Every structure is written in structure tokens, then in C-alpha cells.
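Given chain A's structure and the hints, the job is docking chain B onto it.
Chain by chain, the residues run as shown.
There are 2 protein chains.
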Amino acid sequence: MTDLKRSWVDSANSADTPFPLNNLPYGVFSTGGEPRCGTAIGDQILDLAAMEADGEIDAGGTLQTGSWNAFMAQGNKAWAAFRDTLTERLAEDGDESLSKYLVPQTDATLHMPFTVSEYTDFYAGKHHAFNVGTMFRGPENALPPNWLHIPIGYNGRASSVVLSGTDVIRPNGQLKGPDDEMPRFGPSQRFDIELEMGAIVGTASNGPISVAEAFENIFGYVLLNDWSARDIQAWEYQPLGPFQAKATATTISPWIVTAAALEPFRTSTPEREKPLLDYLKEPGPMLYDIDLEVTMAPDGGAETTITRTNYNVMYYSAAQQLAHHTTSGCPMRVGDLLGSGTISGETKESRGSLLELSWGGKEPVELANGETRTFIQDGDTLTLKGAAHGDGYQIGFGDCVGRLKPAREV
Amino acid sequence: MTDLKRSWVDSANSADTPFPLNNLPYGVFSTGGEPRCGTAIGDQILDLAAMEADGEIDAGGTLQTGSWNAFMAQGNKAWAAFRDTLTERLAEDGDESLSKYLVPQTDATLHMPFTVSEYTDFYAGKHHAFNVGTMFRGPENALPPNWLHIPIGYNGRASSVVLSGTDVIRPNGQLKGPDDEMPRFGPSQRFDIELEMGAIVGTASNGPISVAEAFENIFGYVLLNDWSARDIQAWEYQPLGPFQAKATATTISPWIVTAAALEPFRTSTPEREKPLLDYLKEPGPMLYDIDLEVTMAPDGGAETTITRTNYNVMYYSAAQQLAHHTTSGCPMRVGDLLGSGTISGETKESRGSLLELSWGGKEPVELANGETRTFIQDGDTLTLKGAAHGDGYQIGFGDCVGRLKPAREV
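Line by line, the protein sequences are chains A and B.
1 is the number of the first residue of the first sequence in the UniProt record's numbering; add one for each residue after it.
1 is the number of the first residue of the second sequence in the UniProt record's numbering; add one for each residue after it.
Hints listed in this document are in silico derivations from the structure and should not be mistaken for laboratory results.
Here the structure is a predicted model, which is why all the values come from computation and not from measurement.
Where is the CB? At the ideal position from N, CA and C, for every residue including glycine.
You may find that some hints are simply not true.
What the hints assert, rightly or not - No farther apart than 16 Å at their CA atoms in a straight line, the calculated lysine to aspartate or glutamate pairs in the EDC-like style are these:
(1) B:LYS348 x B:GLU293
(2) B:LYS274 x A:GLU181
(3) B:LYS281 x B:GLU181
(4) A:LYS5 x A:ASP95
(5) A:LYS274 x B:GLU181
(6) B:LYS274 x A:ASP180
(7) A:LYS274 x B:ASP180
As the list claims (entries may be wrong) - What follows is a set of in silico ranges between Cβ atoms, one per label pair, in the way DEER data are often shown:
(8) A:LYS100 x B:ASP58: 39 to 49 Å
(9) A:MET182 x B:ALA212: 16 to 26 Å
(10) A:TRP359 x B:THR305: 51 to 61 Å
(11) B:THR347 x A:ASP180: 56 to 66 Å
(12) B:PRO364 x A:ASP278: 32 to 42 Å
(13) A:GLU34 x B:THR305: 50 to 60 Å
(14) B:GLU181 x A:ARG137: 20 to 30 Å
(15) B:VAL410 x A:GLY360: 38 to 48 Å
(16) A:ASP93 x B:ARG333: 19 to 29 Å
Bound-form chain A, shown alone (with noise of 0.2 Å):
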């Protein structure tokens, strides 16, 4: 575990700042005019654009386009290199005069980071799927018999992809009880979060890839949450998957943490219980000690942690999801989106979902103001966070928060 490293911007040395020198995750802000490149350093955000329209620094010309994504397809080796440049520069002996490009965050509106070309959202936590599973099927056969041999994953939908703070407006759809005769259209009645970390695809691959490439061609993470109509997917979801109940909104993060960033919290996944297909094997250590956690605050009141859990518990990392994903022939793309899964640990108190939490609507959450929960109601915010954290110091998300509205008329 490294240390803090200690910058010229004061505040990017504070052990509580998600943004130290060791962090800067790429983002993209507006003060007024156009969307820029930008990264957070404490609290400021330093004008990436702006730097290299001055020919302070050199990426390609890629940071005058609005998104990452251009950054991103020059390669892994161009990250590394910019990455070390902007590290030297904002170091403590490094480039005060730069101080001229600085943006306080407080100023800044923050945008989409990256155009997301394709969103594929996995299933890999096993005590999401083992709860899951029981709740459907009973402990006996709550694991799927593929689980533990296949990262099982679907692909989603990408223009459904927003930014954190973006509203969701809770979907209609098909409903249907076990007991009626017929579906029904309306609002949903259990609409969820799926706490998830999304692994930022940036470099594309035509063709199968190994482990250790799918591991290098991953650029960075955001926290994600997959909002969920759990009544549409009962009703919908055989034989060909969730469909519209994951169709209205996923949130994301707005800073890209890049793998670099992530680098000392590398961590295993963990051990098999059947033996994994050579294609699946990992090389090395390919997951993330990344503390998580769900607050959730009514109209008007005071959050509350409704979990705490960490990313190391998945059964599969991102870059075993993604070789997977290839498998096919499937060609994948800079800005590809892949979602991890909903991460819920082994006990209650870190399960990564209201299905779980509220044990499917029969154990009602407890909210700081006295209210419970089993879904969402209108007008309560959740918010995702996320810090992995190092010696003294920790490298943050910034948070991945929605609100939600009341459904259209139908």
C-alpha cells in the first residue's frame, strides 16, 4: 500500500479528500460554456482542456472534444504517460504556476465523462445471486447450475445511462401477481437500486482476448447503480432476460478512477468451488478492495446507510467478465460499459439491494426518521459511495446519487 502522495494544492492532501495526487480521476465540467476534460485534485478540479489549448501539456488534442473517450483510444501506454505527467506536475515540487488552471469543484457543473457505446451488466456476486436464487427457488437451487462457471451477464441498454444527480422518473410497465388472470400497465411497485461498480472498457478488441488483456484494456471505474423494477422483470424476464425493468435509468459516477489509480488495492477473487475454465483464470490479483456503501434519504429528511459492503467480495472480476464477453468473437469498443453485478457481502447489513435488504418486501428497512422501506418511494434520494483506502489517504468516487420522481400518467 503506498503513501499519500502530497501535492501543491493544499487541500489534495487532506486524508479525507476523496482526490489526492494519488486519485486524479478524469472527469468532464462546465463553468458556463462548453463541457472540458478536467481532473479532481482536492477540491479543485484542474482545466485539462485549457492546458492543453495552451500547450501546457499534450494529449493528442483529445482533451478539446468533451468526453474521454479520444483520450482513451490512444492506448494504454498514452494513459500511463499523461498519467505520470499530470502526477509530476501537481507534486508538491512540481508546476505551482499551473495554479491558474484550477476550478474549484463548488463552481463546476459536472457531465457525462465518457460517451458509453455499449452497456453489458453482469451478475457476478454470488450472495446477490444466492439470495436472490432463494428467494425465488429455495437455498437447494439457488445458484443457477452455469453460476460458478460463467460470469453471467446481459447486455443493457446505453442511452439509458445517466449522470449521478440526473432524476429517475419511476418507469411503468406490465404487471402481473401470481394470482391475477391478466397483466396490467402502471407504475411499478418495487423499484430498486443494484449497488455496482462499472468497469470503463478503453481499447478495443475485435476478436477473443485473454484475461490478462481484458485486464490491461480496462481504463478505470465508476460506481454504478442499476435501478430496477423488480415486479416488470418477474412478469417479463423468461425466457430472454431483464428487458424494460432495466431499460429507464443506471447511474453513474461522475469521475473515471482509473485503473492506475486502483493499482495498490488489487485483491483476489475468491476460491472456486469448481474449477474455472482456462480461458477464465486470472493471472494475478485482478479485483479491488473498494469500500461501498447505500444511503438512502426521504423527502425532505436525513440519509441513512441502509448497506456497507466492498467490492472484493465478487466471484468474478471485470477483466474475467469482459475476456468472457470476447469469447463469442463479440468486438468491443472504447467506452464499452461494463457493470459488475450487484455486490452484497454475506451478512444483511451489506446486501447491495432493497430485494435483498427488505428480504423481497417482508423485512421492512428502518430509515434514521423512524420510516421503513421495503422499494423506493417517490421523493427518496439514493445515493451510492465508494473509497478504496490506502495509509492515510483514499482514493474516491465522489458520489452516485438519483432521486425519485413519481411515475408518467398512464
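Then chain B, alone, in the frame of chain A:
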């Protein structure tokens, strides 16, 4: 049913040409240089990009992009006006001076006519769903309970959509027979076609839209072959649907046949066994009468027609599918591609996949050269063909062709 519209381009006046003046499908072609937007007329392509560059026609500059997305984004009033102008100028008493913009189709290479934003595949053929369900669950439980109520669909992989003529490589993947204790990794042994139509979204939407609005938002149609690895699918698809089984390739025909050209061929979806929910009811006929067939040719051998069917057998129209797609609030974008689902008729000879034609591999299909097939062999070429037949003319799609190459070494 309208009659043949006669053109000063002689080859467009034959009853046999797929591209009479009534059609005017949009494609992208090249003759050595950059890909250019054009329309097929008889055995020629009219170079619309060159015409626009010369000021001969105005499409807001969109024809200079080597793709039809920007043109589509102008909206359906612009589509209609542009088609009217083209029809007038190519008519028998039109503007023969445009002949300098004609390029023989035999001299041109065709390219993807549009950029696929996202790809969704449906399962809206009742005979197909019934056949497949019967094989897996018996005739009593063949149709899933939701099938008569929901146009069942899943998100596919846009990056895997390829143009007709692109070779397809047999995928590797996880395979597990019912009696195997463990899965193994290797080439799919049950690689198949799916005969489908693809509908192209030409107008974006950001929230739920009606079936009538959805119909107006569809720009045109292509033939679509959703190559499918049945054995990979069987092992992976529970509980989240097909993933790598459908990610190798989806081939589309090269010309976008507009909804306007298909207008005379509108037909109704069938009577309903169960009443549809209001949001899925069609205000008029929104399906089309399009004759379809598939041929198979072994390596170096002649082609055999292995099925003949019609798009008019589908249970849900593309407009119904698109409307359903938006119920959750899912944003749709210009260039979204919706696969109809496999188009199988009632009879054995009209089934749209080898899975059905060979009844799960038990009843091999006979080819003209005496060989038989259950699934596709390396070197086989599969071709989808389609045309709507009017009085003395047809609206053809151009062939949708793919040849299967051997799997990569594992």
C-alpha cells in the same frame, strides 16, 4: 397496390429488378474512394453525395457523412420531401441529365448504410416461439405465459452487426451436454441462422411513445440474419437471457428499404387470443407483406432454398415492439436497430431457422447436391432474400449473405 412507376433509367422498369422507381432504397457505396450515400435504381446507383455536393439536391449536407444517420435525424417530413424530389427527378419525364451521377452496381462496393446505435432483438414470431418452446418444454407449455401479452425482446450487441458479405467465424464458447459433469470450451456445434427483418429507428424519443408515434419514427427496414449458437445459448441463457450465443455476428442487407416504399404492402397483425393492453393496440395495419426465403450453398456448391415464408406472419409489428421498448422511459436513438424475431410460417417448409427446420437436429435438411444439414457446416453460405410483390414490380431488399469460416484455434 400501386403500379410500377416508370423511370428514364431503363433497367428500373423491369418486373424483375429489386430496385424500381417505387423502391429507392438508401445505401452507402464506394468505387475506390470514400464511402458515399446513394440510392439504388435498376442496376445502377445514383450518387446522391455527389449530387448534393454539386447543388443538384439538398439534404442539409447530411449526404456527405458516408452514413444515413444524419439524414434520418432530420425527421420524417424531410424524409418525405427528399423522396418526393428523387421520385420526380428519376421519373420517365424527369431529369435525364442526372445520368452522369449513375454508377453501375457491379462497379461499386457496398458499406454499412447506417451506424447501429443499439441493437434489440425480439421474439415475435408465434410459430417460431411455439416450435422452439415445444422442443424444449413440450407443446402444452410451448409459449411462455407472457408471450401473448408482451413483445418479448432482449438487448443484442450493436458492435457485432455486420454488412452482407462479411464472413462469419464459427464461435467458441462454453458447451455442456445434459449428461456432462462440467462444461468445456470449444467451437459451437449447433451454429444456426435466424431469418428476421430489421427495423431502423430514424427519429429519437426520450420517454414512452404510442404505437402510432413508433410507426412514424421507423425510417426503414433491412433483412437481418441473427446468427445463433444454440449449444452456447442452451447452457448460458438462464436466468438472464442469451449473451455470447448471439454476439458473434448479425448480418444485415445493404439497402435501407424505406417505410414509404413499403406503404402499399401494409398488413395487419393476426387476431389475438388474449386482448392486448391498450398501449400495444395498433391504430391500423403496421406489419408488411414481404416474401422471404433463405438459401444454403455448401462450399463450392449450388444453393438450395431451405425455407420460404412471409413477414406478415408476425404476431407483433415493429411499431408495437418500439412502443413497448419505450414503456420504461428508455430513450431511443437514431440508428437503433430492432430485429423482428425469427420469422417462421405454420408449415415445416416455412420455418426460419435450422433449429426448427431440422427439429433440433433430428430431421436433417436435404440440399440439392445430395448432402444434408442439421446445423451450419464450415464453408456453407447462407443467403436471406426478400421482396414485397406489387402489380408488375417488386420492392427488393438485396441479398443478406454470410459464409461460415472455421472456428479459431482454442
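Structure-based check of all given hints:
Straight-line distance between C-alpha atoms of LYS348 (chain B) and GLU293 (chain B) comes to about 13 Å, which keeps the hinted pair within the 16 Å bound. Between LYS274 (chain B) and GLU181 (chain A) the CA atoms are separated by roughly 11 Å; this keeps the pair inside 16 Å, and the hint holds. A threshold of 16 Å between alpha carbons decides the hint, and for LYS281 (chain B) with GLU181 (chain B) the separation of about 47 Å lies outside it, so the pair is violated. At most 16 Å may separate the alpha-carbon atoms for a hinted pair to count; LYS5 (chain A) and ASP95 (chain A) meet this at roughly 15 Å.
Restraint check for LYS274 (chain A) and GLU181 (chain B): the C-alpha separation of about 11 Å stays at or below 16 Å, so the hint holds. For a cut-off of 16 Å, the pair hint linking LYS274 (chain B) to ASP180 (chain A) stands: about 14 Å separates their Cα positions. In summary, the hint linking LYS274 (chain A) to ASP180 (chain B) is supported, as the alpha carbons are separated by about 14 Å, within the 16 Å threshold. The beta-carbon spacing between LYS100 (chain A) and ASP58 (chain B), approximately 47 Å, falls within the hinted interval of 39 to 49 Å.
Checked against the hint of 16 to 26 Å, the pair MET182 (chain A) and ALA212 (chain B) passes, with Cβ atoms roughly 23 Å apart. Distance hint check for TRP359 (chain A) and THR305 (chain B): the Cβ-Cβ separation is about 56 Å, which falls inside the suggested range of 51 to 61 Å. For the hinted restraint 56 to 66 Å between THR347 (chain B) and ASP180 (chain A), the CB-CB distance of approximately 36 Å leaves it violated. Between PRO364 (chain B) and ASP278 (chain A) the beta carbon distance is about 34 Å. The supplied range of 32 to 42 Å therefore holds.
Range check, GLU34 (chain A) to THR305 (chain B): Cβ separation about 56 Å, and the 50 to 60 Å hint holds. Taking 20 to 30 Å as the suggested C-beta distance range, the pair GLU181 (chain B) and ARG137 (chain A) conforms, at roughly 22 Å. A C-beta distance of roughly 42 Å is found between VAL410 (chain B) and GLY360 (chain A), which places it inside the suggested range of 38 to 48 Å. Between ASP93 (chain A) and ARG333 (chain B) the beta carbon distance is about 48 Å. The supplied range of 19 to 29 Å is therefore violated.
Consistency note: the structure conflicts with the earlier hints numbered 3, 11 and 16.
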